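Top line first, the protein sequences correspond to chains A and B.
Going by the numbering used here, the first residue of the first sequence is number 1, and it counts up by one from there.
Going by the numbering used here, the first residue of the second sequence is number 314, and it counts up by one from there.
Hint data in this document are derived by calculation from the structure and do not stem from the laboratory.
There may be inaccurate statements among the hints.
Dumping the calculated EDC-like pairs for lysine to aspartate or glutamate here, alpha-carbon to alpha-carbon at most 20 Å [unchecked claim]:
| id | chain 1 | residue 1 | chain 2 | residue 2 |
| --- | --- | --- | --- | --- |
| 1 | B | K318 | A | D27 |
| 2 | B | K740 | A | E263 |
| 3 | B | K733 | A | E263 |
| 4 | B | K317 | A | E23 |
| 5 | B | K374 | B | D394 |
| 6 | B | K380 | B | E640 |
| 7 | B | K374 | B | E653 |
| 8 | B | K740 | A | D81 |
These figures come from a predicted structure and were not determined experimentally.
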Amino acid sequence: MADYQPVRTKVKSGKPKKRFMSEERKDALAAYLYISPFFIIFSVFSIFPIFFSFYLGLQRWNGLGSMEYVGLRNFRLIYEDPMFWKSIYNTFVIALMGTLPQLFVAFLLAFALNSTLIKFKNFFRISFFMPNVTSIVAVAIVFGTLFTNSETGLVNLVLSYFNISPINWGTNEWGLKVAIASMVFWRWVGYNTIIYLAGMQSIPNELYEAAKIDGANLRQQITYITLPLLKPVIIFTVFVSTIGSLQLFTEPLVFLGRTMREEGITMVLYLYREAFVNNAFGTASAAAITLFFIIIVFTTINLLIANRLGNSK
Amino acid sequence: MFSKKASILYVVLVFMLVLAACSSNGSNSENAGETDDSNDNQSAENIELTMWTFGSPGYDKFLEEYKEVNPNVTIRIQSADLADHHNNLFTAISAGSGAPDITMIEAGYIDQYREAQEMFVNLYDLGAEEIKGDYLDWTWSNAESADGDFLFGVPTDIGPTVMYYRTDVFEEAGLPTDPDEVHALIQTWDDFRKVAKEVTEKTGKPMTDNVNLIYYSLRDQSPETYFDRDNNLIINDSPYIKNAYDYATQLIEDGVVGRIEMWSPEWGTAMNDGSFATLLAPSWMQNVITGNAPEAAGKWSITHLPEGAGNWGGSYLGVPSQTKHAEEAYAFISWLLSPENQLKSFKQEGLFPSTPAIYDDPAFTEHTDEYFSGVKTAKIYSEAAQQVQIAYTGPGYAIANSEIGTALANVNNENRDPEKEWEEAVKRIERQLERR
Numbered sequence: 001m002a003d004y005q006p007v008r009t010k011v012k013s014g015k016p017k018k019r020f021m022s023e024e025r026k027d028a029l030a031a032y033l034y035i036s037p038f039f040i041i042f043s044v045f046s047i048f049p050i051f052f053s054f055y056l057g058l059q060r061w062n063g064l065g066s067m068e069y070v071g072l073r074n075f076r077l078i079y080e081d082p083m084f085w086k087s088i089y090n091t092f093v094i095a096l097m098g099t100l101p102q103l104f105v106a107f108l109l110a111f112a113l114n115s116t117l118i119k120f121k122n123f124f125r126i127s128f129f130m131p132n133v134t135s136i137v138a139v140a141i142v143f144g145t146l147f148t149n150s151e152t153g154l155v156n157l158v159l160s161y162f163n164i165s166p167i168n169w170g171t172n173e174w175g176l177k178v179a180i181a182s183m184v185f186w187r188w189v190g191y192n193t194i195i196y197l198a199g200m201q202s203i204p205n206e207l208y209e210a211a212k213i214d215g216a217n218l219r220q221q222i223t224y225i226t227l228p229l230l231k232p233v234i235i236f237t238v239f240v241s242t243i244g245s246l247q248l249f250t251e252p253l254v255f256l257g258r259t260m261r262e263e264g265i266t267m268v269l270y271l272y273r274e275a276f277v278n279n280a281f282g283t284a285s286a287a288a289i290t291l292f293f294i295i296i297v298f299t300t301i302n303l304l305i306a307n308r309l310g311n312s313k
Numbered sequence: 314m315f316s317k318k319a320s321i322l323y324v325v326l327v328f329m330l331v332l333a334a335c336s337s338n339g340s341n342s343e344n345a346g347e348t349d350d351s352n353d354n355q356s357a358e359n360i361e362l363t364m365w366t367f368g369s370p371g372y373d374k375f376l377e378e379y380k381e382v383n384p385n386v387t388i389r390i391q392s393a394d395l396a397d398h399h400n401n402l403f404t405a406i407s408a409g410s411g412a413p414d415i416t417m418i419e420a421g422y423i424d425q426y427r428e429a430q431e432m433f434v435n436l437y438d439l440g441a442e443e444i445k446g447d448y449l450d451w452t453w454s455n456a457e458s459a460d461g462d463f464l465f466g467v468p469t470d471i472g473p474t475v476m477y478y479r480t481d482v483f484e485e486a487g488l489p490t491d492p493d494e495v496h497a498l499i500q501t502w503d504d505f506r507k508v509a510k511e512v513t514e515k516t517g518k519p520m521t522d523n524v525n526l527i528y529y530s531l532r533d534q535s536p537e538t539y540f541d542r543d544n545n546l547i548i549n550d551s552p553y554i555k556n557a558y559d560y561a562t563q564l565i566e567d568g569v570v571g572r573i574e575m576w577s578p579e580w581g582t583a584m585n586d587g588s589f590a591t592l593l594a595p596s597w598m599q600n601v602i603t604g605n606a607p608e609a610a611g612k613w614s615i616t617h618l619p620e621g622a623g624n625w626g627g628s629y630l631g632v633p634s635q636t637k638h639a640e641e642a643y644a645f646i647s648w649l650l651s652p653e654n655q656l657k658s659f660k661q662e663g664l665f666p667s668t669p670a671i672y673d674d675p676a677f678t679e680h681t682d683e684y685f686s687g688v689k690t691a692k693i694y695s696e697a698a699q700q701v702q703i704a705y706t707g708p709g710y711a712i713a714n715s716e717i718g719t720a721l722a723n724v725n726n727e728n729r730d731p732e733k734e735w736e737e738a739v740k741r742i743e744r745q746l747e748r749r
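One chain only, chain A, in its complex shape (with noise of 0.2 Å):
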């Protein structure tokens, strides 16, 4: 066997190749081969598309037919479209309703979790935990059935208790955002409960103990030791809810069913009607490059606002 050496040198006799395959490079083929398949299968799964996504929108092209550039036209299209603005407002609607919420509830429930009051602690962290690992399409069917339009509905029902007559969770602009945002509540409340605890049962029970020799009561304790010291956590949450929420689209999708009614249309939801229903990719995929730099301008926020929290410690 040759020694290890890394070989720069010219070989007069005229064979390169087997100097080429030195160790180091022998190393390193096999370390691309390794990541070859997955990056294949990425490759041509996802960095293509989103290319072709890009060059798409600068198209018009039904599917089936030739494609016909027409420049920024399918982005003048949607900028006209009044229900691409709704599904903007929509989604920014939802998504605060469906999150905020659901971190303030998290947030209280991760405290009650940790606190030493509560038996059958696991019992709790896996109840709360298990509506997320539901299948969205179930989930939305049986909200659908909870949330029926007729009086019989048992959302209706509930309400008829309190005199509130009957809302048409279907097609009403409120109710169907209420209604999909409990969808989106149910489901991550446990996640980020089970997160939140995570980052309380780091905080040493020192702290506490401290605070409550000095006289503080529950609020004070938690103002001035449990949220500044969860503040990462919080921003991550923040930040992975509010990536998640700007992509909803299962929960409309099975809710409204084809008709992708304009009061609970979501941008994914729209971009998917326009290229799937409608069949229009060129503008479907204006509308995906969109979303795209509404989704870095926010990420660049979090980033900021992360940025700046993290260095003013």
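Got chain A sorted already, so can you dock chain B onto it with the hints?
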């Protein structure tokens, strides 16, 4: 981690699997291509055709028989559910490979392909003109291009619309329950409106489950719908769709239209309990009714719609142009959909045939259903089928339908102004059509 030999073996195995997965698509057509002698029609080589279907048309039961007709042709049927099937078909045709030799296309999905007719084989080139007379003209015309020179597919089954009604609700309202008497009572849509008001006044129940079926019934009786044969949007000039819309919204204002979502669990329960009086629906809805409402046997009956009939559903068998065996594919299609075989499909699966010649067959005229109060169901459907008119749909049909549906739902559920909703819907349709 791994020894050198093991890691090389691993990488080779992965590449083998990748190659095997990639090549499975090509192998069938390659084999068939090799064995197909282009100058020999009756080649002794074996030809395999793939056929894509959805739902349960029961065509696999015909394969044995076809082996005797054409022994060197084998057919492989792949089945999927309605939405998946059409997604797969669209993708395969758009991608240019992977499409089957024969495909089923539902009537609602055939419009997608109108602008890309070169993706299909023109069945007129294969001799479809000869069998044209066997089929109902309106369903045949739906599978033709606008100028009538191109045929996408041969019709399989159809869904002529009739009026299903609850005999107990009609009785409660003091109305006749015998199908002929009901039909005599409700001869026009104005009669329907009068009867609707009576029913709601005397029984407190809405005349229909929702507004969609009323609109569909009137729309399907119109000679033209949203587009003319040059694919221009005529919704602002043509009176028929506006009439249908106005009639439907009038009934909503009369308070005779229910708000039960179609296909929801409440809809099924309402069928069972008799919470609404009539269901204006196609022939295949009878399976839905009997399935959803087992306890309502004997309380439903069937008669004709006022002023003619419409059609909802039905499919076609077409041949994508990617096929290498167009003639054999067409031979199978024309055999499978001949009147005799459609009669068999009706007896076995209940598929309502598109060939009027067999409507006089005793299996048809004498078929009764106890669930529907002993009515001769097939006879009624066949009479309805012969009343349907030809109307051109056009490539934007689904878009236009969807927007009008939204407008109707807004008027029904949210009490919005019908005229305003109409204008908004038309604007949305125009905007959407610009983009394709």
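Now the hints, each set against the structure:
1. B:K318 - A:D27: 14 Å, holds
2. B:K740 - A:E263: 17 Å, holds
3. B:K733 - A:E263: 17 Å, holds
4. B:K317 - A:E23: The hint holds at about 12 Å.
5. B:K374 - B:D394: Cα-Cα ~19 Å, so holds.
6. B:K380 - B:E640: Roughly 16 Å separates the two Cα atoms, so the pair holds.
7. B:K374 - B:E653: Between B:K374 and B:E653 the Cα gap is close to 14 Å, so the pair holds against 20 Å.
8. B:K740 - A:D81: 10 Å, holds
The earlier numbered hints are all upheld by this structure, with none contradicted.
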